[in-house]
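Novice: Given next are the chains, with one letter for each unit.
Number of protein chains: 2
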Amino acid sequence: MTETPHPLYATHADTLARALTAITERAYWSAFPESPSPRVYGETAAAEGEAAYRSYLDADFPLDQPGTQGRVATEASPFGFDLGVRYPHGDLDAMIAAATAALPSWRDAGPQARAGVCLEILARLHRHIFELANAVHATSGQAFVMAFQAGGAHALDRALEAIAYAYAEMTRHPGSAEWEKPAGKGDPLRMVKTFHVVPRGVALVIGCNTFPTWNSYPGLFASLVTGNPVVVKPHPGAVLPLAITVRYAREVLAEAGFDPNLVLLAAEEPGEKLATTLALRPEVRIIDFTGSTEYGDWLENNARQASVYTEKAGVNTIVIDSTDDFAGMCRNIGFSLTLYSGQMCTTPQNILIPAAGIDTDQGHKTFDEVTAGIAGVVGKLTGDPARAVELTGAIVNDGVLGRLDEVAGVGEVVLASRTVAHPTYADAVVRTPAIVRLGADDAQTYGREWFGPISFTISTDSTAHSLEILRKTVGAQGALTAAVYATDEKVLDAAEAAALDAGVHLSCNLTGGVFVNQSAAFSDFHASGANAAANAALTDGAYVANRFRVVQSRRHI
Amino acid sequence: MTETPHPLYATHADTLARALTAITERAYWSAFPESPSPRVYGETAAAEGEAAYRSYLDADFPLDQPGTQGRVATEASPFGFDLGVRYPHGDLDAMIAAATAALPSWRDAGPQARAGVCLEILARLHRHIFELANAVHATSGQAFVMAFQAGGAHALDRALEAIAYAYAEMTRHPGSAEWEKPAGKGDPLRMVKTFHVVPRGVALVIGCNTFPTWNSYPGLFASLVTGNPVVVKPHPGAVLPLAITVRYAREVLAEAGFDPNLVLLAAEEPGEKLATTLALRPEVRIIDFTGSTEYGDWLENNARQASVYTEKAGVNTIVIDSTDDFAGMCRNIGFSLTLYSGQMCTTPQNILIPAAGIDTDQGHKTFDEVTAGIAGVVGKLTGDPARAVELTGAIVNDGVLGRLDEVAGVGEVVLASRTVAHPTYADAVVRTPAIVRLGADDAQTYGREWFGPISFTISTDSTAHSLEILRKTVGAQGALTAAVYATDEKVLDAAEAAALDAGVHLSCNLTGGVFVNQSAAFSDFHASGANAAANAALTDGAYVANRFRVVQSRRHI
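Protein sequences, first through last, are from chains A and B. Okay, so the first sequence: first residue is 1 according to UniProt numbering, each after it adds one. Okay, so the second sequence: first residue is 1 according to UniProt numbering, each after it adds one.
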């Protein structure tokens, strides 16, 4: 630690310092501008990024990895075209061996050098943010602006947040310390102690189809900066954003004199079950996963040699008791349901409303009037196809379509899902949100996740009953988000108590420009790890602390 | 966090602040004096503590817990007498229910109040340190001074260290934060966010027979201060030290207006398998365990609802290459083998020496001369029974005696274990260390732990070969400690590289008053979590960060 800092650490020290402050304050901060405007990114950035993205299509992806034996191309865009990008496909043993061989020198480089290199990778990715955004847009089905923000700027912010937590954790005590213990009348005992940060082993990141970068970056960079080589196993439907990530990460690593095999892409044929094969390798000691509860639970129960971080399914819940801004409430909820056609892990599903209706600034509103208010906003937001698709994007897979069919039969359909013709992509699969009315007794329906543009308005006996249902369903199935609308502080307090018991983050009275399905890096924690929807939060101390160990040596001075 | 601090927080704020500094510096610091001298603790403390200890013998232990249905008395001292202390024994459902009911108000009290109460418990225990020391002495078989230090002062230091790490983790960001995001030309988005520390559930601490307080306190206090009620399941052979701990913890909790059922004692009949029953309860979400590899692995594999922290067996190793202080080296190693007759989890077992001998300040020493040097020190330290027992203490159980019998047949006995008559306790079971010579090929013998006063001098081809054996055996079985003796920096570097690869803490050239089996709170990490001997270190960020979650709520300002 007394040596000259690594040049890339020096380059990024100010950014890292600001990020370290941000995680202690958890107030507003962002390092990567979220507006794709030419005023921010320059007049040519958008076109250059799109061209770079297009150059990948129907071609071999430029990645020189050990063990490559062939190519795989697996991506069909929700917007209705095949990407045709051909990724290296190969020998897992060679990849694991290369990753393992890369570990010692990366470990010995120390926290500063690793942080500098990781921040340089973020800077490089940021320079290619339009390229990334196009890739996220095409593979996830997100509208472009959302892909730019969630898949580009916000993903980079979350990566930086994870690096900051990990750096803080690695450096919470010095690299070496002198110890001098008084020894009565004799000379004191004096020792120097060296504390080495030692990584756990090879880390595996298992990406998802909907947020290939945002959900993968925290784990990828938390593992990498703490010294672990990372194997990235993308979803076969969303390889390109992570392939681009791996490409620039390897480029930066090589330029900085490190082994590029610290970051590897493990693309697969559909049905190859590469995640399962990798997850059970003894060399793999850390796994980050986003996806189904079933597979997340399988990983937790079977990849016993690894620390496993999972984000799974849940039943996100809104409790409506009363509001002093009925129009704002309906606008806010309706927007949340429409954004990315409900395909966010944070989209509300269960909307609990007293059967007797609620008090509002517009007087008493019946249950049906509240439902109609929300449905009306969704209808308005999705009425014009050209504007609709910029909010909804496209449907990511057939599973969502199947649930949309199924849900029409489980209750009274308050708002039917519609097919929208995409003005640009003729074969895009676009659907508007469905809202179905249920009773409190229909827990066998609303008590599990219906991933996609599906939500339920559920009539309850009272707000107390609604909170009981929240405690019960979130307690059993977990949730990433909860919200409450109430004008009475006592009701807000009761909702907060229920949220604490269920271990779910709560948003209160959102009627403006903040939505329950959005979480801000450096301020909001995403997931809590305190319920069944996730076993960890992005991003906090617990998320990073187990990715390395401290091994000390000591000797007398 | 804006309210008046809890009075107990105010009382102990300076101590906590000093401890928080200590964990960032990892230099020398101690809060609890380790000398039992009357000059430190007063003229009457020793006699009063012993009297308090004696008042427990052959009597009902004063503990008023829910669910008590009878009493159990299970403790036979290694010094040859039954303690006859009768502990409450009862209904687990009632205990778990009481612990669960105590959680919400303890959670809602917040980090400051909980830290204040926990530090008051430590202060109360410190006031009763002689009582504790007598209890540890009688149940573990440690000599009195060691029981006072390891079981009293050092255990309290480790508890404080765990509290400091947990407090730092809980307060690394504020309890609430204002977030203001610029919104172009419009008004900024403004929210206030509250971050609640939410405990995981009921915590279980499974104590061991040899270090009932030292090994239990970090987990106990890390869990308690982060909001989790704690059920303490002591080893049936060492109940009293933890019963005293639970007694005073409950006393302080009740005085401070909290539910005393936040800390409960679960004493058991031998063979009752209470740890297993408790470990599988769904309410139990954190488990701390010290003991056998077999049972620790069982916990990790079966108590899947809980975060499990284990310290298990390992093969502690010394590599001897050369020394510039042959006499000091032999004294240091010989003392380490003798202390508590080798019944520390940190006692060296495998001493790797080149068959061709080593260079020393006394000229070349053959393998046999090195072995004889160490054996000679052990013989001298244990020659006089009265002095011997103040180092060795007594043998904790029949398993150790069985291994002593067995080991005599596995190689050439260089130093035979002897029976020593204890000058005070006629029925005490006292044995001196055995040293057995093996070859590098005898890995089936030295490759596993022989817990007790058993060590092996193992002849190797070279120091490089010794390091290869260290890598292999520690890599496979784990170790809590390793040491090297070498005069050449290159050899020390090679040993450090091997220690990093094996994930074991290394002590270099100990020839004075620091011993490889000792670790200093606030400076040395105990275990690393980086090899099979333990899945966590005492005490670091990773050890505390998963004992709670952060659940947030947010609303517009």
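No lab work stands behind these hints, which were simulated from the structure alone. Treat the hints with care, as some may be off.
Copies of one chain are not kept apart here, so a pair can be met inside one copy or by any two copies together.
Claimed, not checked - Once the Cα atoms are required to be at most 25 Å apart in a straight line, the calculated SDA-like pairs of lysine to any residue come out as: (1) K380 x R54; (2) K380 x G447; (3) K181 x W29; (4) K490 x G175; (5) K273 x R331; (6) K185 x F79; (7) K273 x V414; (8) K273 x G67; (9) K380 x A47; (10) K490 x D91; (11) K185 x W298; (12) K185 x T171.
Computed from a predicted structure; not experimentally measured.
Novice: Please go over all the hints and tell whether each is borne out by the structure.
Specialist: Going down the list of hints, with the structure as the test:
With identical chains, the CA atoms of K380 and R54 are never at most 25 Å apart, being 34 Å at best within one copy and 81 Å at best between copies. When the C-alpha separation of K380 and G447 is checked against a cutoff of 25 Å, the pair qualifies neither within a copy, at 29 Å, nor between copies, at 72 Å. In the homo-oligomer, the alpha carbons of K181 and W29 lie at most 25 Å apart only across protomers (8 Å), although the nearest pairing inside one protomer, at 44 Å, exceeds that limit. Taking the shortest Cα distances, K490 and G175 sit within 25 Å of each other only across copies (20 Å), while inside one copy they are farther apart (50 Å).
Taking identical chains as interchangeable, the C-alpha atoms of K273 and R331 are never at most 25 Å apart, the minima being 42 Å within one chain and 58 Å between chains. Taking the shortest Cα distances, K185 and F79 never come within 25 Å of each other, neither inside one copy (80 Å) nor across copies (34 Å). For the homomeric pair K273 and V414, neither the shortest alpha-carbon distance inside one copy (40 Å) nor that between copies (56 Å) is at most 25 Å. Taking CA atoms no more than 25 Å apart as the test, K273 paired with G67 passes inside one copy only; the shortest distance there is 18 Å, against 50 Å between copies.
In this assembly of identical chains, K380 and A47 lie within 25 Å of each other by CA distance neither inside one copy nor across copies; the values are 32 Å within and 83 Å between. Proximity of K490 and D91 under a CA criterion of 25 Å is satisfied in neither setting, with 60 Å inside one chain copy and 38 Å between copies. Taking the shortest alpha-carbon separations for K185 and W298, neither the intra-copy value of 61 Å nor the inter-copy value of 49 Å comes in at or below 25 Å. For a Cα distance limit of 25 Å, the shortest separation of K185 from T171 qualifies neither inside one copy, at 35 Å, nor across copies, at 40 Å.
Consistency note: the structure conflicts with the earlier hints numbered 1, 2, 5, 6, 7, 9, 10, 11 and 12.
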